[in-house]
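Participant: What follows is each chain in one-letter form.
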Amino acid sequence: MTMIKKFSMAAMAVAMSATSSLAATNITWWHGMGGRNGEVINEVSQKFNASQTACNLTPISKGTYEEALATGIAAFRSGEQPNILQVFDAGAATIINAKGATVAAEDLINNAGYKFDRNAFIEGVRYFYADSKGKFIGMPFNSSAPIMYVNPQAFEKAGVAVPKTWEEFETVAPKLKEAGFIPMTASQLTWQFTENFFSRQNIQFANNNNGYDSVVDTKMNLTDKNLVMMFEKLKSWSDAGLYKFYGASWNDNQKPFEEGKVAMWIGSSGSFGGLQKTASMPFSADFLPYWSSIKGAGTNTFIGGAALFAMAGKPEAENKCTADFFQFLTSPEIQKFYHQATGYVAITKAAYELAKKEGYYEKTPVAEVGIKQLMLPSGEWSKGYRLGFYPQIRSIMEREYNKIFSGETTVQKAFETIEKEGNDLLTRFAKTAG
Amino acid sequence: MAYTTSQPQPGGFLSRLGFGGKARSKKTAVAAEEMKRVQFTSPVLPYLFLFPQLAVIFIFFYWPSVQAVSSSFYLEDPFGFGSTFVGLSNYTDVIFSSEYQSIALFTAVFTVLVTFLSLSLGLLLAVKADRVIRGASTYKTLLIAIYAIAAPVSGLIGMMIFDQHVGPFVKMMSYFGWHMQVGLNYYDTAFAMTVVAVWKQIPYNFIFFLSGLQNVPVSVREAAMIDCRSGMRRFWTVILPLLAPTAFFLLTINVTYALFDTFGIIDVMVKDKPANNPVTLVYKVYADGFRGNDIGGSSAQSVILMIVVFVLTIFQFRFIERRVHYN
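Sequence order for the protein chains is P and D. My numbering puts the first sequence at residues 1 to 434. My numbering puts the second sequence at residues 1 to 327.
Simulated from the structure, these hints should not be mistaken for laboratory data. All C-beta atoms in this analysis are idealised placements derived from N, C-alpha and C, irrespective of residue type, glycine included. Each hint should be verified, as a subset may be incorrect.
Below 20 Å or equal to it, Euclidean Cα-Cα: the simulated SDA-like pairs (lysine to any residue) are [claimed, not checked]:
id: 1; chain 1: P; residue 1: Lys244; chain 2: D; residue 2: Val166
id: 2; chain 1: P; residue 1: Lys47; chain 2: P; residue 2: Thr58
id: 3; chain 1: P; residue 1: Lys431; chain 2: D; residue 2: Glu321
id: 4; chain 1: P; residue 1: Lys403; chain 2: D; residue 2: Ala190
id: 5; chain 1: P; residue 1: Lys431; chain 2: D; residue 2: Gly82
Computed spacing ranges between beta-carbons, pair by pair [what the hints assert, rightly or not]:
id: 6; chain 1: P; residue 1: Glu333; chain 2: D; residue 2: Leu105; range: 40 to 48 Å
id: 7; chain 1: D; residue 1: Val308; chain 2: P; residue 2: Pro174; range: 51 to 59 Å
id: 8; chain 1: P; residue 1: Glu39; chain 2: D; residue 2: Ala148; range: 28 to 36 Å
id: 9; chain 1: D; residue 1: Leu50; chain 2: P; residue 2: Ser132; range: 53 to 61 Å
id: 10; chain 1: P; residue 1: Asn207; chain 2: D; residue 2: Tyr175; range: 47 to 55 Å
id: 11; chain 1: P; residue 1: Gly79; chain 2: D; residue 2: Ala55; range: 20 to 28 Å
A few chain D residues that face chain P, going by a derived Cβ cut-off under 10 Å, partial list only [what the hints assert, rightly or not]:
id: 12; residue: His165
id: 13; residue: Asp272
id: 14; residue: Asn277
Take the sequences, apply the hints, and build the full model.
Facilitator: Right, here's the structure in full:
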């Protein structure tokens, strides 16, 4: 009897869910987030589904960023693509250059009868997922900036102030070392000391307007004398015990900071949520330092993280739902919720103002550092890059950077290699896109 | 992953293509004829029985292989909007790339080391366990249990043992003046990877060698004992030749293991960022194809790998199997 009862209950449940989904238009969202960040995505989706009845959004985790992009591409080729695909910063060129794979977020939202306002977004967010004319192709979602976390106890013990520039770093670092601390570690040299080095010092990264204008003959400027100088400094600091490099892995470089052994750690504004749980000591944060000796340096950095892309080839009704969701996502309340739940920065000015008004940053000043850094005045070259096969170019950089610190190569030689192999990849990419 | 998992076990693959030893294929042909005459009433029936297996092979091996071969001649937009025929340039790009060459060299060294060490340690343990009388099953269970650990888990355990900050092995070695930096130093990472890969494979070899040893007839052992007093010499001249079929089978399996199945261990140990750490050719296929979306380049690499496995297996069957005596 109980069996029959269970079956009939199940049948009823199925029937009911079928009728409810008949009424609403179903859309899917593939993403590459796990852990707490994945849970927050589910919460945001539930909030969206509860806020209206016309659309029903289902978020599905596809593993990591890379896996989400790879499955999204495979699905597109067989016509099974989701409505929304999350693509990370290094994959931006791949999806944006595939004309016809996506519907520009700006068009999607305008077509659905809303008015898209680029100026509602904070400065550092505006260009990275946009085309060369500034039109938003992807909808920025989880955005982070490379910032410097600080262990105040170390600075107190050494009796020095937190450096704003690398020149200041050079004067305070030996004192921090004397006080028994590793002065600095950094978690991702490609993002923090290469891509964002160009934007923080306002230096051109690649021709063709940093790759935004065209894929044809795009070449990177990796033997730039300032970039080479930065890494020569890093190497000499490493030799002098002022900076410690633990390899390409993010966590290996973060861990000593959590343990209180390190005075400064270059991480991500998105590390804030996790660090609150893992750090064994109180911490604060500050902007990513820059070289005051470089003319025009001190500009903003651009966003890391990922954006949401509306995939092409979907019926009008579903696109309307996607637009509704994008609109919902950028509303100040939801942005504020996401910002506070994850530690990623709020991407609209309104959300930032809302969180500020509530006194969130007085309680947790660290959460504001990333946004403020993204809102610094921008320069000609601070808006980011658009380079194909970029995940592989990053792997080449990681390989050569490791060799620099293990003494297998010189800084100059390493950058010559990266430039050559990287530019070969860009040529290859131009052929695939052409 | 599709490229890596679509590799069949070489033995099956070759005999399917008709590469079995001459004597054997003759024998099997005769046997097949007899079976046909005796058992199947309809000529369609055997094919019907074969169909499920053939369908699986076709869908999961032949079809992807053909696709890999064809896309290796194109440069393709990942989303499938446009592809340009580039002839052999994907192959030449790969073969002349210094990075690919060094990965290939590492793969070769790694495969030889892992195969040699896991075979010899497995054999040593099996010979020793075979002699134990008291608590024999406890020893055997303890040795075999490791085989139940999934590759990513053993990678994870390895990663923790060799962790730069908390790894017990690293701490122990620092007392001897060796400051290991897995993830930063190429050779330290290579060492750690090899240890974990060997550790994972020993129980498998142990099981097969042990059952092989138990198949050596007691009469043969006793006869050998009368003829020769040196245990070492008895092992080399009598036991080992009798183990040769097992050893040959394990050699083929271990080479495939080192080439392909260590992927999980490597992926976990380099923590998603290979940088200048050693990786194998399969990992490179994955990195270029699935992370880099370079379909043409990674297809060319997987075709090269297919050819390598093909050649290796022919070599094994032609030159090594000849020396193996089946009963």
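Participant: Hint by hint, note whether the structure agrees.
Facilitator: Quick rundown of the hints versus the structure:
Among the hinted pairs, Lys244/P with Val166/D is consistent with the structure: their alpha-carbon atoms are about 17 Å apart, no more than 20 Å. Of the supplied pair hints, the one linking Lys47/P and Thr58/P holds, its CA atoms being roughly 12 Å apart against a limit of 20 Å. Of the pairs offered as hints, the one joining Lys431/P and Glu321/D is violated, with about 47 Å between alpha carbons and a cut-off of 20 Å exceeded. With a C-alpha separation of about 15 Å, the suggested pair Lys403/P and Ala190/D falls inside the 20 Å cut-off, and the hint holds.
As the CA atoms of Lys431/P and Gly82/D are separated by approximately 10 Å, the hinted pair is consistent with the 20 Å bound. Separated by about 57 Å at the C-beta atoms, Glu333/P and Leu105/D break the suggested range of 40 to 48 Å. For the hinted restraint 51 to 59 Å between Val308/D and Pro174/P, the CB-CB distance of approximately 53 Å keeps it satisfied. Taken as a hint, the range 28 to 36 Å holds for the pair Glu39/P and Ala148/D, whose Cβ atoms sit roughly 31 Å apart.
A beta carbon spacing of about 58 Å between Leu50/D and Ser132/P agrees with the range 53 to 61 Å that was offered as a hint. The hint said 47 to 55 Å for the Cβ distance between Asn207/P and Tyr175/D, and at roughly 53 Å that hint holds. The beta-carbon spacing between Gly79/P and Ala55/D, approximately 24 Å, falls within the hinted interval of 20 to 28 Å. A cut of 10 Å between beta carbons decides the hint on His165/D: the least distance to chain P is about 5 Å, and the hint holds.
Below 10 Å, beta-carbon pairs count as interface contacts, and Asp272/D has one with chain P at about 7 Å; its hint therefore holds. For Asn277/D, the interface hint holds, since its Cβ comes within 10 Å of a Cβ in chain P; the closest pair sits about 8 Å apart.
Figure legend: structure checked against the earlier numbered hints; hints not met, in rising order: 3, 6.
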